[in-house]
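Protein chains: 2
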Amino acid sequence: MDKRELILDTMQELFKEGKAGTASVSDIARRAGIAKGGLYYYFKSKEEVMDALVEREYGSIIKTCNQVLDCSGLNAIEKFAVLLHTYKSSYVDPSLDEYLHMPQNAAIHQKSLSQILLSLSKVITGIIEQGVQEGLMVCRYPEEYSQIILSVFTFLLDQGIFCWTNDQIILKLKALADILEKGLSVKNGSFSFLYDSRSN
Amino acid sequence: MDKRELILDTMQELFKEGKAGTASVSDIARRAGIAKGGLYYYFKSKEEVMDALVEREYGSIIKTCNQVLDCSGLNAIEKFAVLLHTYKSSYVDPSLDEYLHMPQNAAIHQKSLSQILLSLSKVITGIIEQGVQEGLMVCRYPEEYSQIILSVFTFLLDQGIFCWTNDQIILKLKALADILEKGLSVKNGSFSFLYDSRSN
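In the order they appear, the protein sequences are chains A and B. No gaps in the numbering here: position 47 of the first sequence is 47 in the numbering used here, and each next residue is one more. No gaps in the numbering here: position 63 of the second sequence is 63 in the numbering used here, and each next residue is one more.
Check the hints yourself; a few may be wrong.
[Said to hold, decoys possible] Using C-beta positions, here's what the derived DEER-type ranges look like: (1) A:94 <-> B:135: 33 to 39 angstroms; (2) B:164 <-> A:91: 27 to 33 angstroms; (3) A:95 <-> B:72: 50 to 56 angstroms.
In case anyone wonders, no lab produced these hints; they're calculated from the structure. Keep in mind it's a predicted model, so treat the numbers as computed, not measured. Think of the CB as a built atom: it goes at the ideal place given N, C-alpha and C, for glycine as much as any other residue.
So here's chain A without its partners, still in its complex pose:
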């Protein structure tokens, strides 16, 4: 097995056991069964291991999203709905999520939010461009629209940054659906999948 992957797997195990915060670089190396110098060959610091682990976790989610969308034969609006479903149902280690929301880890949290935004915005840009080609949507700024959507999801709806009630979240999702339906010139209700599952 690739040593880099081995180190990341080890870090992930430490998370599951709640030991990620206190583990030193030596602890990680020992647990992975490699020399400390071996770890330093791949990562400059524990922070870099963390960054890489977060990147791997979200990278694999985005890969799954892309795979689901590529073979789907769906139209752009259906793809939006499938993307949301795939993303929401993908498993993020709860201990990793908790770690990212601790105040002392705000820097890596912020970095992870911007990474997710940049990666997912490519996926959504592709969907909007498809919608324009299909004649389903009108949009002069597919990439920027994607980033606006993702700013809402990654920042405004992050429950570690804000503390919204479920009703408040539903209202925000209804407003997002409303502004997107008008902005993309699609039929009223086309984006109701954004809030439907929460309203039940």
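Since the structure of chain A is already known, use the hints to place chain B on it.
Chain B only, in chain A's frame:
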């Protein structure tokens, strides 16, 4: 002078001198000419002093924005433009801004972004509600629209989180203007003030 204000003024001076990062609670108290216990009466930690200073800085900007808007007699779209201008031209201590963008201060930075969003969203909600009353805008979700706008400004356009070129920022502002004009049913070009000053 109020002791709490005195402590915040002292913290602000330390910022200007680039000593905010290294100053201890004792340093701050000594400089303010009060006992350490006196400082602890108002603040539990240096972090709390920082939080309060950030809140005071942005609070005063928002107060200015509200004052400018209250006595203006402008319509809703004009108020949007004035708000943007007032906000952009208000002075935030560059050393404070720099401090907030250091990785180790990401937690307080994130908190400050959410505070700005929550405070400014009240101002913008008022403007949209005025626009609806004037018959200039159509909007079922004034508060949520405000928060979507502010997610773009406080998160997506934060140059400490992302690194956009000026052209990329202009495109994002054009996309925001586009989605708002459609979302609020106002005339094409009404929100061109969002990007006009940057395009020159």
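We went through each hint and held it up to the structure:
no. : hint                               : result
1   : A:94 <-> B:135: 33 to 39 angstroms : violated, 49 angstroms
2   : B:164 <-> A:91: 27 to 33 angstroms : holds, 32 angstroms
3   : A:95 <-> B:72: 50 to 56 angstroms  : holds, 51 angstroms
Figure legend: structure checked against the earlier numbered hints; the only hint not met is number 1.
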